[in-house]
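Chain Y: place on chain C using the hints.
Protein chains in written order, with this note's numbering: chain C, 1 to 305; chain Y, 1001 to 1305.
By construction, these hints were calculated from the structure, which means they are not laboratory data.
Computed from a predicted structure; not experimentally measured.
Think of the CB as a built atom: it goes at the ideal place given N, C-alpha and C, for glycine as much as any other residue.
Please note: incorrect hints may appear among the correct ones.
Listed next, the stretches of chain Y that the computed footprint assigns to chain C, with coverage defined by at least 3 CB atoms under 8 Å from CB atoms of chain C [unchecked claim]:
id, segment
1, 1149-1159
2, 1228-1242
3, 1271-1277
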Amino acid sequence: MLAYALKRSFAAFLILIVVSGLTFSLSHLSADPALTIGGEQASDEDIQAIRELYGFDRPIYIQYLDWAGRAMTGDFGESYHYGERVSTMIAGRIGTTMSLGVLAILFALIISIPLGVVAAMRPNSLIDRFALLIAVFGQALPTFWFALMMIIVLGVWWRWLPISGNDSWAHFVMPTIALGYYATPALMRLTRAGMIEVLGSDYIRTARAKGLSPTVVLFKHALRNAIIPVVALAAVWFGFMLGGSIVIETIFNLKGIGWLSYDALLRSDLPVVQAIVLIFASFYVVLTLAADLLNAWLDPRISVR
Amino acid sequence: MAMISTPGKSFDEIAQETLEPSPFAKLRKRIFGNYSFLAGLIIIVAIVAMALLAPLIAPHDPYETDLSSRLMNPFWHEVKTDEEHLLGTDKVGRDYLSRLIYGAQISLLIGFSTMLISGTIGTVLGVAAGYFGGRVDMVVNFIINTRLAMPVFLVAMAAVVAFGASLMVVILVLGLFLWDRFAVVMRSITMQARDLDYVKAARAMGCSTPYIIVREIFPNVIGSLTVVATVEMANAILLEAALSFLGFGVQAPTPSWGLMLNEAREYMFFSPWLLALPGACLFLLVLAINLFGDGLRDVSLEKGR
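Okay, chain C solo, but in the shape it has when bound:
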């Protein structure tokens, strides 16, 4: 188990190095950053001075090593546009994005687990078909369009909810639904499939045969086993959701790091973009690592393979 954990952690670390290298080279393939900082009126001497000041005249791999070395200590440099520390800009906004992500995944689980369980109890019944319908619709619904339609109906016509900003909890309701609904189909299908498999297993038949009440069998024996992969998948989806939050935060003007990355890309503010890509990637890597280790701990056969 320990050897497996070490091996997986090393692979995760290696992945982050490759991702950071790709991100760094991608952003330096684009227009000369010195021109972006200097603006259109800058003279050739100005540009040269900027290059030396920021170290753009050094070979690219030296620049990368320098950047990566600092990034490990949490120092992502300064924003080209705002002149602020990137780390402070992100620290001030990451809470909003995390709250949105956690709320959205909770919303998705609250919808998908009960629906999946009920659907699994009676396969092909009316309620199972209804659950499938919700899943099929959810997969096809463009998240950002769903968000826009909610704004029109709930925000503009009925005036139930605020449509822009992040001042109160009410500002999080629509973004949470929009982002969370997107994850519902995958989680619901997995709950349903897992429950159907578990309900057909021998130990459930034994539990029923010895006269336990259906509620106890369902919740204590079946759901507890079927829910493990769902939780692992939810962890991975949480990582995806941080990426999906870019569109949602931009639409609702919810100023988290998704909104920040959109703003930074509009201004070609490379240090901010690089930092956010790396943060999203780290989140995904850490969450999948945690899910893998959790699975390996619950099912020791995995770590031997």
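Relative to chain C, chain Y alone:
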């Protein structure tokens, strides 16, 4: 004297077997008994026909602006403004119905080209990993995990900033990113197919590796390949729409549904149909592709969902 008959089978059973429908008839029954497959297929055929025949069926030129008839109401609106434009006009007086019809071309083009590029990359990686195993598998696994760690949407936006926004760049970027599911699925199916008896036999007969992969392995994976292809096509269409909606995709005046949503955003209060219509088209196309894919899986695999 014993009766001459197949041991263990009664005459009734043999009669039953001969009366059983042919495999082709069974397949036909599965196809026509599967309403989601049929519904998906019909909608897809209709949208493809609409895209191909766009110059013939579109009532107006989708690019022709007419500032004297801006923001005309659609036919269901109480206030009649113009009989000429069935679904009204956008902010520069372009016929909305014609733009929606031409928009199908963009979405289908993006979905199809992206799926071809990503399908090729993913299949090559997945089949190589599954067939050769060992070191090759380790390397491919690492590449897949690295790709999964990169936040697709953010990196795609950054790439569009770096290489300029155009249809070509969007297709290439999405094609180079959306191969992960192909690789994962192809890898596991190839692993199973590798150990089938007739593949072993081909190897024992001394057939070359390319021959075995193309003639023995490939027919096994083609069913799942098509199902994954539909999923990724839908995914690419949704991502393009989201990119164009944020202004990091197809550029004006191209009639992309995502871009139309972007242009309609400021008219949310007074002309909500400008937002509702392109999104509904997107939803319908993606829904049809998903239904088709789900149905294809049920039709090609006996077990169903």
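Consistency of the hints with the structure:
| no. | hint | in the structure |
| --- | --- | --- |
| 1 | 1149-1159 | holds (count 10) |
| 2 | 1228-1242 | holds (count 4) |
| 3 | 1271-1277 | holds (count 3) |
In this structure, every one of the numbered hints holds.
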